[in-house]
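Chains as they are written, first to last, in the numbering used here: chain A, 68 to 314; chain B, 68 to 314.
Bear in mind the hints are in silico, worked out from the structure with no lab data behind them.
Treat the hints with caution; some may be incorrect.
If chains are identical, the list can't say which one is meant, so a pair holds when it fits in one copy or spans any two.
Claimed, not checked - For lysine to aspartate or glutamate, the following EDC-like pairs were computed, each having C-alpha atoms within a straight-line distance of at most 16 angstroms: (1) Lys214 with Glu307; (2) Lys293 with Asp313; (3) Lys255 with Asp208; (4) Lys115 with Asp294; (5) Lys205 with Glu258; (6) Lys88 with Glu240; (7) Lys278 with Glu157.
2 protein chains.
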Amino acid sequence: METIFNHRSIRQYQDKPIDEKLLNKLLAAGTRASTTGNMQVYSIVVTKDAELKTRLWEAHFKQDMVKQAPVVLTFCADFNRFTKWCEMREANPGYDNFLSFFTAAIDALLAAQNVAIEAEHNGLGICYLGTTTYMADKIIDILELPKLVVPVTTLVVGYPAEQPPLTDRLPVEAIVHNETYRENTGAKIEEWFSPKEAMDFYRNFVKENGKETLAQVFTDVRYTGKDNRFFSQAFLKTIEKQGFMDN
Amino acid sequence: METIFNHRSIRQYQDKPIDEKLLNKLLAAGTRASTTGNMQVYSIVVTKDAELKTRLWEAHFKQDMVKQAPVVLTFCADFNRFTKWCEMREANPGYDNFLSFFTAAIDALLAAQNVAIEAEHNGLGICYLGTTTYMADKIIDILELPKLVVPVTTLVVGYPAEQPPLTDRLPVEAIVHNETYRENTGAKIEEWFSPKEAMDFYRNFVKENGKETLAQVFTDVRYTGKDNRFFSQAFLKTIEKQGFMDN
Numbered sequence: 068m069e070t071i072f073n074h075r076s077i078r079q080y081q082d083k084p085i086d087e088k089l090l091n092k093l094l095a096a097g098t099r100a101s102t103t104g105n106m107q108v109y110s111i112v113v114t115k116d117a118e119l120k121t122r123l124w125e126a127h128f129k130q131d132m133v134k135q136a137p138v139v140l141t142f143c144a145d146f147n148r149f150t151k152w153c154e155m156r157e158a159n160p161g162y163d164n165f166l167s168f169f170t171a172a173i174d175a176l177l178a179a180q181n182v183a184i185e186a187e188h189n190g191l192g193i194c195y196l197g198t199t200t201y202m203a204d205k206i207i208d209i210l211e212l213p214k215l216v217v218p219v220t221t222l223v224v225g226y227p228a229e230q231p232p233l234t235d236r237l238p239v240e241a242i243v244h245n246e247t248y249r250e251n252t253g254a255k256i257e258e259w260f261s262p263k264e265a266m267d268f269y270r271n272f273v274k275e276n277g278k279e280t281l282a283q284v285f286t287d288v289r290y291t292g293k294d295n296r297f298f299s300q301a302f303l304k305t306i307e308k309q310g311f312m313d314n
Numbered sequence: 068m069e070t071i072f073n074h075r076s077i078r079q080y081q082d083k084p085i086d087e088k089l090l091n092k093l094l095a096a097g098t099r100a101s102t103t104g105n106m107q108v109y110s111i112v113v114t115k116d117a118e119l120k121t122r123l124w125e126a127h128f129k130q131d132m133v134k135q136a137p138v139v140l141t142f143c144a145d146f147n148r149f150t151k152w153c154e155m156r157e158a159n160p161g162y163d164n165f166l167s168f169f170t171a172a173i174d175a176l177l178a179a180q181n182v183a184i185e186a187e188h189n190g191l192g193i194c195y196l197g198t199t200t201y202m203a204d205k206i207i208d209i210l211e212l213p214k215l216v217v218p219v220t221t222l223v224v225g226y227p228a229e230q231p232p233l234t235d236r237l238p239v240e241a242i243v244h245n246e247t248y249r250e251n252t253g254a255k256i257e258e259w260f261s262p263k264e265a266m267d268f269y270r271n272f273v274k275e276n277g278k279e280t281l282a283q284v285f286t287d288v289r290y291t292g293k294d295n296r297f298f299s300q301a302f303l304k305t306i307e308k309q310g311f312m313d314n
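Take these sequences, add in the hints, and give me the full structure.
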């Protein structure tokens, strides 16, 4: 459908609020997504307050769109509500483990993508914030998330103040495997990635970052092993702290 | 949009293949989803072969729709392709850790929801298989997934042979929190869950399972603590075996 094929992440927003009725429609669209056993083990925290948004902006590496967009939606894996219900119904819940966390994270992410598509379908722009998992502990603090609740992604939503071009993607063939996984051979990697590396946009990107190859911008600047290991430990510790590691 | 608000999971399929062009459109829709840093760190394994589907059916707790649906799509967190590219470009990849696994899982899940919506928009039905994480190790074996590739969800896709009603959902208010997380009080849990528990469908469900409350069906039959802990350990071991735990 057009909405899906026209998606672009929006990083500049108009200073214009989202009508309450429209916002509720986006959230309702989220709740129509598939959910494991119809348990709906996720929550969406809707933040509009300027002071709270400023605190979230700090947590999200000070990406300006967090302050600019009228609405920040934090999607959380959430077994808190379901566990409370079990406890009130003489049932003995066992959702304080990694599988339950991951199950709840899937629920939250499918709901997020529904909200994103519904937003774009209604003329709004969105951007996902990958910093959510890096800074989960800080976000838990800001949004006062209780035990068995962990933020897994964030959407900023608002009216676009930019019209970026479609982002390039690898050929579909690179992502898709027929029947079973086929090896990513050197020749195929060359075929899939070379056109990307040849684009002016990426050539400049490599230059600006003082690197020799585009891959080095990822490994040495944007997503370094050192950072990844640091945030891995932090995120695992947070998952445990929230009560999801009694395996 | 209509497609989102009309979603129902389909568990009975017609014996009718999906046209190749349409299938390619679904997969292309998947690749338009947001992806961390445009790294596209996921793969989709398309399985149609009857013998492979039978093996997947066994892995997925013998749910008949896996054999019935013409196409089974396994969505995988995948840093294998990206890592190979880095290695070919004098870059030193550091994606063998938990954060990278989770980042790649997010990519895979957003792509899956795009495929699901595009499928439904084109008159197809879908169902997610939560058994993917339970049986990840078996699926890795069947689909020959290499290091840095872990299956995180599966979609069966085909033409519906049933028209189930819309699934009930908790009121949107139960899922949504304004500004910060508000406590799930006993009174609110009562208000949100009681209408569900009063439905004939769930009353029968409780009776059929020989339980006293609906919550007990979840905790004692469908998603038990014992199973959750068992599959937590198995899944964590698989994530490690695939090379994602060098934190």
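Against the structure, the hints:
1. Lys214 with Glu307: Cα proximity of lysine 214 and glutamate 307: one copy only (10 angstroms, versus 26 angstroms across).
2. Lys293 with Asp313: Answer is between: at 11 angstroms across copies they meet the 16 angstroms cutoff, but 28 angstroms inside does not.
3. Lys255 with Asp208: neither (45 angstroms within a copy, 23 angstroms between copies)
4. Lys115 with Asp294: neither (30 angstroms within a copy, 40 angstroms between copies)
5. Lys205 with Glu258: neither (41 angstroms within a copy, 31 angstroms between copies)
6. Lys88 with Glu240: So lysine 88 and glutamate 240 pass the 16 angstroms test across copies only (14 angstroms; inside, 41 angstroms).
7. Lys278 with Glu157: Close across copies (11 angstroms), not inside one copy (61 angstroms); limit 16 angstroms.
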